[in-house]
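Undergrad: The residues making up each chain are set out below.
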Amino acid sequence: MRSIVKKLGIGFIFYLLLVIIFPFLLSNEYYLSVGIVIGLHAIVTVGLCLLMGLAGQISIGQAAFWGIGAYTSAVLSTKYGLPPAIGLLASAIIPGIFAFLLARAIAGLQGYYLAMATLAFGYIVQIGLTEWESVTGGANGMISIPKLQYFGDSELSMYYLIWAVVTCVLIFSLNILKSRVGRAFRAIHKSEIAATTMGIDVRQAKLGAFVLSGMFAGISGGLYAHYMGILDPQPFGLHESIKFITMVVVGGMTSIWGALVGTVLIDSINEMLILLSEYIPGLQGDVDTIVFGAILVFIIMFMPEGLVPRCRAFYEKVKAKKRKAAGSQQAERKTVA
Amino acid sequence: MTNVLLDVKAISKNFGGVQAVSLVDFDVRKGEIVALIGPNGAGKSTVLNMISGVVPPTQGEIYFEERLMANVPGSQYAGLGITRTFQNLQTFDDMTVLENVMVGCHSRTQSGLLACGLKLGQARREEVDMHHRALQWLEIVGLSSVANTLAGNLPYGMLRLMEIARAMVSEPKLLLLDEPAAGLNHTETADMTNMLKRIRANGTAILLVEHDMDMVMNAADRIVVLDQGEKIAEGTPAQIQESPEVIAAYLGTEEVMQTRGESVG
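Read top to bottom, the protein sequences are chains A and B. FYI, in my numbering the residues of the first sequence are 1 to 337. FYI, in my numbering the residues of the second sequence are 1001 to 1265.
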């Protein structure tokens, strides 16, 4: 037992327990649906964290990959009657191909220019989804997308399915972080010249990061389509992309756990705002945009490294202080003796 | 002829009309330390950047082990056996010292995105091997006690040593050092000089750009002197110390006349 704990880490076991018991803690359809949405968003933000936090490549068009994934699976399973499993597979591959082509085209861009290019990509995709009516149903969207029924069609089974995917994505990303590829990502983030002289192909590393984050977003999109059952282009725009970035930044860009924490936090605030708006009439409309904007500004001003790295640093500091205190106490005792 | 590791043939570099380097020739043989010296703005760093593939020469050719390097992309230099350090440090501050050095192993390992994400056997083996090799080099440069410290928290002198470990961990045939003694005090410079000799003894040739004459005269087997982009002298440290052109380049012609006059008088 102890060896398992050691191998996985206490944090990871805590995460697993929380995920498993959450539906029993708050056994209510509403909370379950919030849990599902958080899971779907987390798959996207973990991928975005690899791209932005590790490889240092900003993307303001992540919702576009999400949308491409959602529509790929929805169209394949609804219009062509393919089983959702194949649709889901395609919803990983097709956004991956889009990410590859996009990254190839813009791999030489940095900073603002990269941000602009991904922003433009996001707009193009959303407009494409809206205008390609014969396939996507245009602004009216699609209906009766088949549900996933691998473990029955209850909301609870969907919750576990999605969090199983989140866990896989999380493990994959944590492995990447502590590997040759992850270090290459972090190296190109800091110094492209130094990375090149170490033998890292900067272009290839950027492509890898883009494709991986695009695929994660696509998988989440596919699951989203089958979970919702209906689809329209509205959620796949700039608003959602910014929300993803906010989640990653709040949690801490350099930390994969940070992406998860940020997602939970922002989605919870979002739900709270919706609940509050029922009681406070002034809170209707696009208040969430203002709140998230304010949070983003606050975090960047006072905690640019994000929540998780900040808490980790604080914890280390307290531990060091305790150790020091214990050391000096011991020393005192020795001198007294 | 087979003894020549790096052969630089008449390379020039033109930065938008400014002739930074013109028609410089020299070679580096296996297992020797060659120092590239010259006054500020002589073009030393530019030469080093051309040899390490950071900037392409405007004219001329660079051969490494008789292979023309003109069309080799910068990321393949490490794999062929050329690594370098930087004058203004290029460290990965948010990684630990150990991780920094492990990045240096990149060219000696292969596992890709999928293998790393799934922790396949190859990735796992390579990770253990990289870890082991990086620790070995940290031991050699004397930084094993700070292996798990973030590089950003290290003092300057240690970062210089870390850059050397990072460049050496892939066991290159040629190590390019851009002012390794810059910002170091006397003892640190002496330690660094010893380190260079140890690296040479291990079989790695070194091309060194340096201002610190103690280090150059002490460590170098041969010296190439640049002034205003041109090579003005080449020889052993003893020959260079005697060379009137070199003294003139460093002190200006007038002063040389004066010193000559004094010694004659």
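Bear in mind the hints are in silico, worked out from the structure with no lab data behind them. Wrong hints could be hidden among the right ones.
[Stated by the list, open to error] Some chain B residues close to chain A (C-beta under 7 Å, calculated; not the full set):
| hint | residue |
| --- | --- |
| 1 | Gly1081 |
| 2 | Val1103 |
| 3 | Gly1104 |
| 4 | Leu1113 |
| 5 | Cys1116 |
| 6 | Gly1121 |
| 7 | Gln1122 |
| 8 | Gly1152 |
| 9 | Gln1241 |
| 10 | Glu1242 |
| 11 | Ser1243 |
The C-beta atom is built at its ideal place from N, Cα and C for all residues, glycine as well.
Undergrad: State for each hint whether it applies.
TA: Comparing the hints with the structure gives:
1. Gly1081: 11 Å, violated
2. Val1103: Since the shortest Cβ distance to chain A is 5 Å, the answer is holds.
3. Gly1104: 6 Å, holds
4. Leu1113: With Cβ-Cβ at 5 Å, under 7 Å, it holds.
5. Cys1116: Holds. Min distance 4 Å.
6. Gly1121: Interface hint status for Gly1121 of chain B: violated (13 Å vs cutoff 7 Å).
7. Gln1122: 10 Å, violated
8. Gly1152: The hint is violated - Gly1152 of chain B has no Cβ within 7 Å of chain A, the shortest such distance being about 10 Å.
9. Gln1241: For Gln1241 of chain B, the interface hint is violated, since the closest Cβ of chain A sits about 32 Å away, which is over 7 Å.
10. Glu1242: Glu1242 of chain B check fails; min Cβ-Cβ to chain A is 36 Å, beyond 7 Å.
11. Ser1243: Violated: closest Cβ of chain A sits about 33 Å from Ser1243 of chain B, beyond 7 Å.
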